[in-house]
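*Asks:* In case you want the letters, here they are:
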Amino acid sequence: MKIIVCVKQVPASSNVDVDPVTGVLKRDGTNVKLNPYDLFALEMAFRLKEDMGGCITALSMGPSSALSSLLETVYMGADKGVLLSDRVFAGSDVQATSYALKCGVNKIGSYDLIICGKQTTDGDTAQVGPELAEQLGIEHASNVISVDSIDGEYITVTLNLDDVYQTQKMKLPCLLTIEKDACTPRLPSFRRKLAAPPDCIQVYTADQLEDIDRSKCGLKGSPTQVERIFPPDSDTKQIIFEGDAETLSKELYSILTSEKIV
Amino acid sequence: MYNKICSQDVSYLKSIISPERVLCGSEIPEDYSHDELGGISSAPDVLIRVLSTEEISAVMKYSNENKIPVVVRGSGTGLVGASVAIQGGIMMETTAMNKILELDEENLTVTVQPGVLLMELAEYTQNHDFLYPPDPGEKSATIGGNISTNAGGMRAVKYGVTRDYVRGLTIVLPDGSIQKLGGKIVKNSTGYNLMQLIIGSEGTLGIITEAILKLLPLPKISESLLVPFDSFDKCIRAVPNIIRSKTSLTAIEFFERETILFAEEYLGKKFPDTKSPAYLLLTVDGNTMENVESEMTHVAKLCMDLGASDAYIVDTDERKESVWKARGAFLEAIKASTTEMDECDVVVPRNKIADFIEYTHKLAREHNIRIPSFGHAGDGNLHIYICRDNLSDSEWKKQLNIIFDKMYSHANTLSGMVSGEHGIGFAKKEYMLETLGEKQVSLMRGIKGVFDPNNILNPGKLF
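Chains A and B, in that order, are what the protein sequence lines are.
According to the numbering used here, the stretch in the first sequence is residues 1 to 262, in order.
According to the numbering used here, the stretch in the second sequence is residues 1 to 463, in order.
Any given hint might turn out to be false.
Unchecked claim - Taking lysine to aspartate or glutamate pairs in the EDC-like style, the calculated list, with each CA pair at most 20 Å apart, reads:
1) A:193 <-> B:273
2) B:270 <-> A:50
3) A:49 <-> B:273
In short, the hints are calculated from the structure, not lab data.
Keep in mind it's a predicted model, so treat the numbers as computed, not measured.
For reference, chain A alone in the conformation it holds in the complex (with noise of 0.2 Å):
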């Protein structure tokens, strides 16, 4: 089984400097980490490769300082990892990431599974997965807690939907987004890490990406506007609304009414 984990570096604090021109996260490549979510999207990868056999990549669009999260991957059971890396992908949206890490599994070649996990931490979208699935062409289920079987050519899998667990089943390839907390990540291992050979991770620049539309990368190509970007005021202050789903959104409604957010 050839499975392809989407991940990302994220600032490993909330305290991050913004572009006051461009609106766009400044990364430094310092206090950075792999995106927490994507820990439980590579737990899920290593978990079938374990069951079933196969290879995992690890693949991630980003700045230079973005190998070390690939090479952590690698230390905790991926077998190798693919690098985007082109001044061109600076700035990207949810539509220009997708685009870059459609033409990034290209580039990898044949696949059965792409296991995203169900949002990052500083982007916080959750569109990313299944617009790169939209991108590609495939079925893709967002919120899976489980992976309940798996052949060669179908996987069934559990949704968390909040008020309701739904069983999927899909025609492979298809892509996964992870829920939060759906299984226990592993750690990063020393034995792997001293293992690990030195041309593990592959870095490619966009003019080794075939076919790629440069219109549809980074800023240019991202249709979404950053107005500004801030940390939420901290408040205390708490209401506990009780009842059903309804009366709870009557409530919430009411009170965003009043105080003019909607």
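Dock chain B against the given chain A, drawing on the hints supplied.
*Replies:* Relative to chain A, chain B alone:
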């Protein structure tokens, strides 16, 4: 010997303390009749929720004049009955005295009231880029309680214990007088060090009402290694070699798989690895990533040379929480796994740890009783729990006495001490006498007599 509290006493106490903070008889919640381990139980007659040094002073003056026993209680997280009112009388609870009074960045000190919780202090100091190094597992303990037992914790191997971080204390003596001991001074050769005498005295000499604590600059980076071993023996015998390697580790913790499984059950959360029978948890801290990584690499390789099957990297906040949260819950987790338990907090020279734990395994086999353990392998302090499980009351007490006698006697032969950090309280008195001998204990009695001639402050504890 003591006067029983009467309605006149209560009326007086309510005249000097707001009446809603003076609780009597059935108004006092049951929780106040025991500590966290619960084996020793006795309710106070009056519970006073004190708010200031002056209030404590006034209560002590009255109690001393009227021969009423007094015990002080923080969060009640003790394990040896030190804060149980075994003679009844007055209990003063300090948890409402929970203000952080001053951060002095020029003298590197923080001044706190005794009811500040360890977790509150840790968060406050970290937010100001300082480290208060003592790090006992029970984060909801009060600083007053920590000072009273000279709590140690997980960073003791590098940074030392609570005693090493107290610069000054304000105390109320049993006669009600208020004294300031030590201060914001680094050196002090001015007579007997009474402050150090108060630290670890388990509330028998004076009542701590304010503490000046020493701080260190917060190391910028702190990372851990979870090191699995395929046998208990290899794991514990690696410790002296790690210490000998002169690496500057902040923590060297030891635990077994069984304890991790209890923590998983207790927390409802899986630990990142449970494949191996025994683990060490090591921490390195420093100010540059290069230094920390170099030290981590050195230690990881050393551990693998010593028989570790791997060394897992615990570097991010999420990973630290998944491992350290479980470590912090071990005591509660073992407690939840059995019907009743008692603990042994023995400390032995670091190179004798393997001998001692092997001995507890032997006792468990011989007596057919569960004795899980974990501990601060780096400083020789072990936490060993004897679990009652399905034993009858009489059989449990009989077995417990035999096992404790054997354990403390064995610790003695290894030049160990009865308690590394939980204290003596009420539960371990006889073992302290056996270990220290009559001469030393009579010196302690003499000191107690000087501070508290009427023996009203936490009577019946230590000896």
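*Asks:* Next, verify each hint and record whether it holds.
*Replies:* Tested hints:
1. A:193 <-> B:273: holds (17 Å)
2. B:270 <-> A:50: holds (19 Å)
3. A:49 <-> B:273: Cα-Cα ~18 Å, so holds.
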